[in-house]
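**Q** Kindly generate the complete structure, drawing on both the sequences and the hints.
Chains as they are written, first to last, in this note's numbering: chain S, -3 to 109; chain V, 31 to 146.
Check each hint, because a few of them may be wrong.
Here are a few chain S residues that sit away from chain V, every Cβ distance over 10 Å (derived from the structure) [stated by the list, open to error]:
#, residue
1, Pro4
2, His25
3, Gln37
4, Lys40
5, Leu56
6, Lys67
7, Gly68
8, Pro77
9, Leu80
10, Leu96
11, Val108
Chain V is faced by these chain S residues, among others (derived, beta-carbon under 7 Å) [to be verified]:
#, residue
12, Leu41
13, Leu42
14, Gln44
15, Phe61
16, Pro94
17, Gly95
18, Thr97
19, Pro102
Just so you know, the hints here were simulated from the structure itself, not pulled from any lab data. Computed from a predicted model, the values in this text were never measured in an experiment. For glycine and all other residues, C-beta sits at the position ideal for the given N, C-alpha and C.
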Amino acid sequence: EAGVAQSPRYKIIEKRQSVAFWCNPISGHATLYWYQQILGQGPKLLIQFQNNGVVDDSQLPKDRFSAERLKGVDSTLKIQPAKLEDSAVYLCASSSDPGLTQYFGPGTRLLVL
Amino acid sequence: GENVEQHPSTLSVQEGDSAVIKCTYSDSASNYFPWYKQELGKRPQLIIDIRSNVGEKKDQRIAVTLNKTAKHFSLHITETQPEDSAVYFCAASSPAGGTSYGKLTFGQGTILTVHP
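**A** Pasting the structure below:
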């Protein structure tokens, strides 16, 4: 069974630029999560999708972050404009249903200069 | 919302010794408690999990215990090996119904170093 795929793996941008991350969950998984992991901390949930609908975006900085999962499969997370404090690893995870085991992708390491 | 505290932040043991990591949570409705291992530069990987209808679960050298009354759970690794060296995260999740949607809240992580 293929795991969660993410791209790019690394990204370096300057502040105020925009960036987008892509995630392909495990086939058949209805629930998709985006987490932000700052160095030395645990992952923090940014947004959770159930199929193509958002069920939790309470910790998403909506003035600069946006995410979509239009067809209920792949998802993109965008930051515009980026700030220095957005430097982190962005992890995508999926589960077959909410509350069940979450499987993580390899993450995208973002450095904002 | 849920708050998860994890201790210690760093743990150093000799190969063959046991290691114990403890977590406390705040939301009494939480019913799912996974533990993830994250090696440097890698993705978090689930190593064991427990649900609130059991008090203990074991998988070879790894065990997790849960005390719902005290709202804490622990990871126990016996006969540690150098390849156990990694960052370990605990997490807690409330039921998927209601307003929580099965959201995971993670602890701050424990850096485990096993010396040969």
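**Q** Check each numbered hint against the structure and report the violated ones by number, ascending.
**A** 3, 4, 10, 13, 15
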